[in-house]
Amino acid sequence: MRLEVHKLCAFYGRAQILFDVSLKLERGEVVALLGRNGAGKSTTLKSIVGLVEQRSGRVVLDGRDITYAPTAHIARAGLGYVPEDRRIFTELTVAENLLVGRQAPRPGAPAWTEKSLFHLFPNLAELSDRPAGEISGGEQQMLTIARTLMGNPAALMLDEPSEGLAPLIVEQLGKAILTLKQQGLSILLSEQNLHLARAIGDRVSIIEKGRIRFEGTMAEFAGDQTISRMFLAV
Amino acid sequence: MAFVVIQFLNGLASAADLFLVSAGLSIIFGVTRIVNFAHGSFYMLGAYLAFTLVEGVVGPALGFWPGIVAAAVAVAILGGLLEVTLLRRIYQAPELFQLLATFGVVLIVQDLVLLVWGPEDRIGPRAPGLEGAVSLLGHQFPRYDLFLIALGPIVLGALFLLFRRTRWGILVRAATQDREMAAALGVNERWLFTSVFVLGAFLAGLGGAVQLPREAVHHTMDLEIIVEAFVVVVIGGLGSVTGAFLASIILAELNAFGIVIFPEVTLVLVFLVMAVVLVIRPTGLLGRPEFAIRAASGVAEPPITPQSEAARNWVFAGVLGLAVLPVVADAYVLSVATEIMIFVLFAISLQFLMGISGMVSFGHAASFGLGAYGAALMIKHAGAPMELAFLAGIGLAALGALVIGWFCVRLTGVYLAMLTLAFAQIAWSVAFQWYGVTGGDNGILGVWPAAWAASPIVFFYLTLAVTTLALVILRRIIFAPFGFGLRACRDSVLRAEAIGIDRRQVQWLGFAVAGAFAGVAGALYAFLKGSVFPDVLAVPVSVDGLVMVLLGGIQRLNGPIVGALVYKLLQIVLASYTDYWRLVIGVIIIGLVVAFPQGIVGFFGTRLDALLVQRRNSP
Amino acid sequence: MTPVLSVEGLSKRFGGVTAVDDVSFSVAAGELLAMIGPNGAGKSTCFNLVGGQLKPDRGRVRLFDHDLVGLPPRRIWRFGVGRTFQITAVFQSMTVVENVQMALISGRRRIGALWPKASHLYVDEALELLSRVGMLDQADRACSVLAYGDLKRLELAVALANAPKLLLMDEPTAGMAPAERIELMQLTSSIVRERGISVLFTEHDMDVVFAHANRIIVLNRGRLVAAGVPAAVRADPSVQEIYLGSAGTPAPSGSPA
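Chains as they are written, first to last, in the working numbering: chain Z, 1 to 234; chain R, 1 to 619; chain A, 1 to 257.
FYI, nobody ran anything at the bench for these hints, they're computed from the structure. Mixed in with the good hints there might be a few duds.
[Stated by the list, open to error] Covered stretches of chain Z, as calculated for chain R (at least 3 residues, CB under 8 Å):
id, stretch
1, 99–110
2, 221–232
[Said to hold, decoys possible] Chain A residues, not near chain Z, derived (Cβ > 10 Å throughout):
id, residue
3, G40
4, D57
5, R108
6, A139
7, A147
8, A174
9, S190
10, G196
11, R215
12, R221
13, Q240
Model, not experiment: these values are computed from the prediction. All C-beta atoms in this analysis are idealised placements derived from N, C-alpha and C, irrespective of residue type, glycine included.
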């Protein structure tokens, strides 16, 4: 699935958060959207799925303009979104959370079942009947990804999946995301954790203060220390 | 001991239909965030339809059980139709206008019921197989009540299964917690909203239908049940079915035992329990954190400024025009004009509470009615002169508002609004039940003005003077530091607290001020009518006020004047042409909400502003 | 010299998560102290614990000799703590100058007055404050038509109304264009310098932080991990690690990097 974002602007009240953000996500590639916190990563992802009310620009999914489509339609078109703050349905069990995400299988995209997801995220299997509000932060992060995968998306947007997770969990997560990539999913990964991004990204976009400041391949980015020093470091 | 058990069972039996209605109300609110006033109408329709279908008034008699189920299904379909045709158009409108629209539905259904079934009570048949009574601990206990006792837990169990075991139920729970996230996972909201409405309406319809063998069907049962249901969801917690179950049992048991043990203070008991619950748990027994209710969409809201020269001139011209009215008008027109002025004052006091102080009240009739009763009681029991009685009315209203406000400012949003309604209903019940003091539904007669003010002309001028003075004083308060403090708390509690303002205290006093001015209107009303009945405290008065303020545009200073004038005139004119004026007004209200979500003055005001800007910009 | 604000052993848990864990720091007189850290580090919680919006489980917060723990925000304000918010909070139903007058009225405890016209009270002082933040020409405008940067400046004027000794600024430049950010922070530093006010602020914009903070404290996962002057914090490898991802994280297998 191809995702194209043209000159996206977004506002909260009168505060402009995004300024002409453009991005491209080709079929089967992983694009890392990097930036410090507050740079506009989350707002970019939210605007793409229609969760920011005031926005302008154009979002095109496989040739279809979805800029002003209802959020549910965008999800059903095959674009999965995993929010930064996880937004687990805490009062539902783990299995019920997965059920909420379930959609019909989509041609050309991997079809997930609860079982295959438990294979991808082994920790979740034993927690199936636990209220999602009671599981650990890392487990919740796994759950929120699994929940979105239940919709059998062809493209996936992950918002800072490594945030607040212990290194070991981040490693597990990285493996899981790589598996998804190998299955042909297009992935837009917003991250602060350079290491994770470097491990799985094909291309990099850097956002700073609501503007895209760098676009290039992972090799170009990794080869030039000044870029990360300028836009990401303290 | 046996007596206690029997009474307890009685309570459980009457909890059943209350639970059905409250559960539906709660589920609908949880998902759609709409406070559905029309839920009582669904209940009433369920009862009437069950009566018709069971008895076979039209078409073949279905028999009891099929008739009950068919009635509930019919109401469910009506609920679905209502959602698709009306509510879908207004999900984007401010919450209060949604509420107003559902109240329009209440009015329409009230008159449709009168049109179709007539005003007399309808007595339903006994349930076949459950007639008569069983002997229980030496007492006779109706068999049908045993069925009702079982029905509550059965429905609770069924809902539990529905919400735990079906994908639909899980989606409803997910959407209740986080609608946006559910949508981001591809959950189709439209379909979910409609189906939730169908379920809620089904439960309300069923609640009304199963009541058939127990109580006569009558055309005021809609408001009676909705008020109780509001109390239940406030105690139980909005959005919680189990909370509704617990709270309806608590409420029904309080009633069952209260009636026998302390008949006079039953309602005070209910009130005390509610107060204790809310002070300890402001979101009810099992409720989740506050659901905010916004008065207006409010993004590009203009500041409230002292009115323009032109607007002031209009008001002045209006007062002048009224001053010469007695020259041309007869006594009837004068009394109509007096009544309208009284409601203008009432509407202004409510706008002060809602528009300026940001506290939405569904029960402003409490203050109006306390003003009326305060004056009337003073005359009846103390033989006081009009002037003193008038002051007593204001005093009682202010005192009542202080008590009610003390609780209300502890809450916000929908909880606050529903609590005001519950308090108003308590005031109504006290007036209705306390025969010795208030005369119950016989009211208090002989509340006439003093001799000097007895002529319609003098009383008209008196009302004009009092209303104008009250208007001036309230305006002054709005632009005084205290009014600024109220507006600060309305605009941003966060900012207000961050500059040293004690929100609760300021709002509490604001509540009392609004109550006192509504009391002025109420006292005037008592003297205009020469009598006071519990009606002055009833839900329709509160809602009339709400309609006036919302029609006028909640943030417009002169909005309530226009709103009260238009609405009251419409009521009076329509009532003189047709018995079914509620129907017409209901249709008009719905039409207005769909067409002008900002209110009349808001709408024309905005158009006017736009015109002025255009003119200024054109060469 | 006694610090203006001293925080000792501050802790706050939400459910099973420790949002702020045994954090101690102090703000000296006239100092601009920046609090930074990645998302979820506990900055907002820490801020709300100091401002009184939240109550800590453990720890002390003192303004000079006053214990602030457990006090509501309005009381803390009376001790001399002004506050600006990440998403501006102003009174929409009032004009720009009336917003400042409201704060002055509250400061003089005249909020109970029913008769005087509020817009006639403390006009000179309000205009003086507006003029200090460069908003004099917009005094009579509606808040709803202000540019976002101007709303931020209005908030600053309101926060200054009670002659505060400490300003708490939660992401003062969030949502602003870069040029405006520099302007606002320059304005802020010049005002606090001339009035001897101390500032505690959180900020995402590192240009702002390093240009204006006298000292920086870094939070990560609720804990204070570094504190010092900007150059020292910048040179601290543990800080860079937090911002760039832990170099110690083993790479997932099949890593293309």
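Results for each hint:
Residues of the stretch 99–110 of chain Z with a Cβ under 8 Å from some Cβ of chain R number 5, which satisfies the need for three, so the listed coverage holds. Requiring three or more residues with a Cβ within less than 8 Å of a Cβ of chain R, the coverage given for the stretch 221–232 of chain Z is violated, as only 0 such residues are present. Residue-level check failed: G40/A sits 5 Å from the nearest beta carbon of chain Z, not beyond 10 Å. In this structure D57/A is separated from chain Z by more than 10 Å, as the shortest Cβ-Cβ distance comes to about 19 Å.
Once the 10 Å rule is applied to beta carbons, R108/A is consistent with being away from chain Z; the minimum gap is 31 Å. Under the 10 Å C-beta cut-off, the non-interface status given to A139/A relative to chain Z holds; the minimum distance is some 19 Å. Against the 10 Å criterion, A147/A falls within the reach of chain Z, whose nearest CB is about 7 Å from its own CB. With a closest Cβ-Cβ approach of about 6 Å to chain Z, A174/A is found to fall inside the 10 Å limit, against its non-interface label.
Taking the minimum C-beta to C-beta distance to chain Z, about 23 Å, the non-interface status of S190/A holds against the 10 Å cut. Taking the minimum C-beta to C-beta distance to chain Z, about 29 Å, the non-interface status of G196/A holds against the 10 Å cut. Every CB of chain Z lies more than 10 Å from the CB of R215/A, the least distance being 14 Å, so the non-interface label holds. Non-interface status of R221/A relative to chain Z is broken: a Cβ of that chain comes within 10 Å, the nearest being about 7 Å off.
The non-interface label for Q240/A is inconsistent with chain Z: the shortest C-beta to C-beta separation is roughly 6 Å, within 10 Å.
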